[in-house]
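Number of protein chains: 2
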Amino acid sequence: MNILIVYAHPEPHSLNGVLKNFAVQHLEKNGHRVQISDLYAMKWKSELDARDFPAYDSSTTLNPVAESKRAFAEGSQTVDVVAEQEKLIWADAVIFQFPLWWFSMPAILKGWFDRVYAYGLAYGVGEHSDTHWGDRYGEGSFAGKRAMLSITTGGWESHYSARGINGPINDLLFPIQHGALFYPGFDVLPPFVLYRVDRINETNLNATLSAFATRLDGLFFDAPIAFRRQNFGDYNIPALTLKDNVETENLGGFSLHLQKQSG
Amino acid sequence: MNILIVYAHPEPHSLNGVLKNFAVQHLEKNGHRVQISDLYAMKWKSELDARDFPAYDSSTTLNPVAESKRAFAEGSQTVDVVAEQEKLIWADAVIFQFPLWWFSMPAILKGWFDRVYAYGLAYGVGEHSDTHWGDRYGEGSFAGKRAMLSITTGGWESHYSARGINGPINDLLFPIQHGALFYPGFDVLPPFVLYRVDRINETNLNATLSAFATRLDGLFFDAPIAFRRQNFGDYNIPALTLKDNVETENLGGFSLHLQKQSG
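These protein sequence lines map, in sequence, to chains A and B.
Those letters in the first sequence? Residues 1 to 263, per the numbering used here, in order.
Those letters in the second sequence? Residues 1 to 263, per the numbering used here, in order.
Read the hints as simulated data drawn from the structure, not as lab findings.
Honestly, I wouldn't trust all of these hints.
One copy or two, it doesn't matter: identical chains are merged, so the pair holds either way.
[What the hints assert, rightly or not] Here are the simulated DMTMM-like cross-link-like pairs (lysine to aspartate or glutamate), alpha carbons at most 25 Å apart as the crow flies:
id, residue 1, residue 2
1, K45, D234
2, K87, E139
3, K43, D80
4, K145, D130
5, K45, E11
6, K69, E157
7, K29, D57
8, K69, E11
9, K43, E157
10, K43, E11
11, K145, E86
12, K45, D80
13, K69, D198
14, K243, D49
15, K243, D217
Keep in mind it's a predicted model, so treat the numbers as computed, not measured.
In isolation and in its complexed conformation, chain A is listed as follows:
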């Protein structure tokens, strides 16, 4: 199968770099084809701006959504963006390898999503009607492909547990996993997360890589996160709220970490 690794760390000898290199070797050894987007090495441009739209008339007000739509439709995108889009279309699975900085992606990776995810490719896809609100959240350009986050953090696993102070890791990753991966159609695998990475050294690295190998081996077999699909009956359209008869008990949210108001 075809696998794209989008990698964002400034130091090739970092743990993230080791994991990226290991993934390439392990996947190729097992017969897969691998491409890498090494964003720092590529000197990826992080900022979405007017330079992304060569056909933009700079005497007018820049509307990033409208310009993205036009550039994608007319084929006037920049070459770096087109190259990444072609890798995405080529890939059967995408692995994102990065350190968790301030509970999200490094800026350079956020800029990859901001710029590569064009209108017409990642959003603004499909018809809108009373039963179907665009091809998104389970449908879309990347339907049939798989995606997995592989991340490192200095924090402890308990800090990211169901009652941990940072918030549960899967909730913290919801804007990425649900909002940026499931949205354009990816099936999203549970993340591979390494905690307390300052404790990972040459002595115990093999155990870490062994665990990662297991996840790589399951890339096309493990069950994805069971996010609800938008257009298959669970949601009111166009309000896009869960129907009253769906999930009546769980209130959800991060209110666990909110103090109760006294009085």
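Given chain A, work out where chain B should sit, using these hints.
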């Protein structure tokens, strides 16, 4: 009072630009002093990398955390980062004005956090003991200051409601509001969110600005989000999980949007 506006949009005439300009005028009219970090206009460098650490020995492996700690302690940070830190220290309140792109900040703003939030300033602050795990989550360098997100999105308010498909807006913003603002000590006000911004035009702009003015007038009076503080009894230390007797009913999380497994 002193107010810093960190603003991230590539188009000065965008709605975000209008809101930024309005905030400056309104706050100054009311006697406040305002500084602006217009990240696109400043050509802010988004990517945290070795160039951020002029004292870094490039023959060694770059450890961003260790280099950040050293650069902040030794005064060897870059001038652009120091300037932003001085603005933060000067400010009594910080407003972040940006469009919600893929359910998070534009990359250039994420890069502001990645680079300005040095070890020793925003994290790695305070003592670690059996009752106190660093000055964070309610304590820290920015304690006593206020922060507020002011964001725009094309989506509908219902899509971001408690049962909306995108996830509740305050949960989507949790990694920022709790993880990047409450963490180093800010009191975080509820966000000012504009939905369906394609519907905002000259006819109804005044109503929008009026609502924004109300929030600006409440910047030092409105109640902040009641996040639990870390070192005041609710959490086990060092596991940093909520104690068993705290919040026993609400399971929290985004499981509302997970399908139930059959069988």
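Hints and how they fare:
Taking the shortest alpha-carbon separations for K45 and D234, neither the intra-copy value of 39 Å nor the inter-copy value of 43 Å comes in at or below 25 Å. For the identical chains of this complex, K87 and E139 are intra-copy neighbours only, at 19 Å inside a copy versus 44 Å across copies, given an alpha-carbon limit of 25 Å. For a Cα distance limit of 25 Å, the shortest separation of K43 from D80 qualifies both inside one copy, at 10 Å, and across copies, at 20 Å. Taking the shortest Cα distances, K145 and D130 never come within 25 Å of each other, neither inside one copy (27 Å) nor across copies (46 Å).
For a Cα distance limit of 25 Å, the shortest separation of K45 from E11 qualifies both inside one copy, at 18 Å, and across copies, at 18 Å. Taking identical chains as interchangeable, the C-alpha atoms of K69 and E157 lie at most 25 Å apart only when they sit on different chains, with a minimum of 23 Å there against 41 Å within one chain. In this assembly of identical chains, K29 and D57 lie within 25 Å of each other by CA distance neither inside one copy nor across copies; the values are 49 Å within and 36 Å between. In this assembly of identical chains, K69 and E11 lie within 25 Å of each other by CA distance solely across copies; the values are 17 Å between and 35 Å within a copy.
For the homomeric pair K43 and E157, neither the shortest alpha-carbon distance inside one copy (32 Å) nor that between copies (37 Å) is at most 25 Å. For a Cα distance limit of 25 Å, the shortest separation of K43 from E11 qualifies both inside one copy, at 13 Å, and across copies, at 24 Å. In the homo-oligomer, the alpha carbons of K145 and E86 lie at most 25 Å apart inside one protomer (14 Å), although the nearest pairing across protomers, at 46 Å, exceeds that limit. In the homo-oligomer, the alpha carbons of K45 and D80 lie at most 25 Å apart both inside one protomer (9 Å) and across protomers (19 Å), since each shortest distance falls under that limit.
In this assembly of identical chains, the alpha carbons of K69 and D198 lie at most 25 Å apart only when taken from different copies (15 Å versus 44 Å within one copy). Taking CA atoms no more than 25 Å apart as the test, K243 paired with D49 passes in neither setting, with 39 Å inside one copy and 46 Å between copies. Taking CA atoms no more than 25 Å apart as the test, K243 paired with D217 passes in neither setting, with 37 Å inside one copy and 38 Å between copies.
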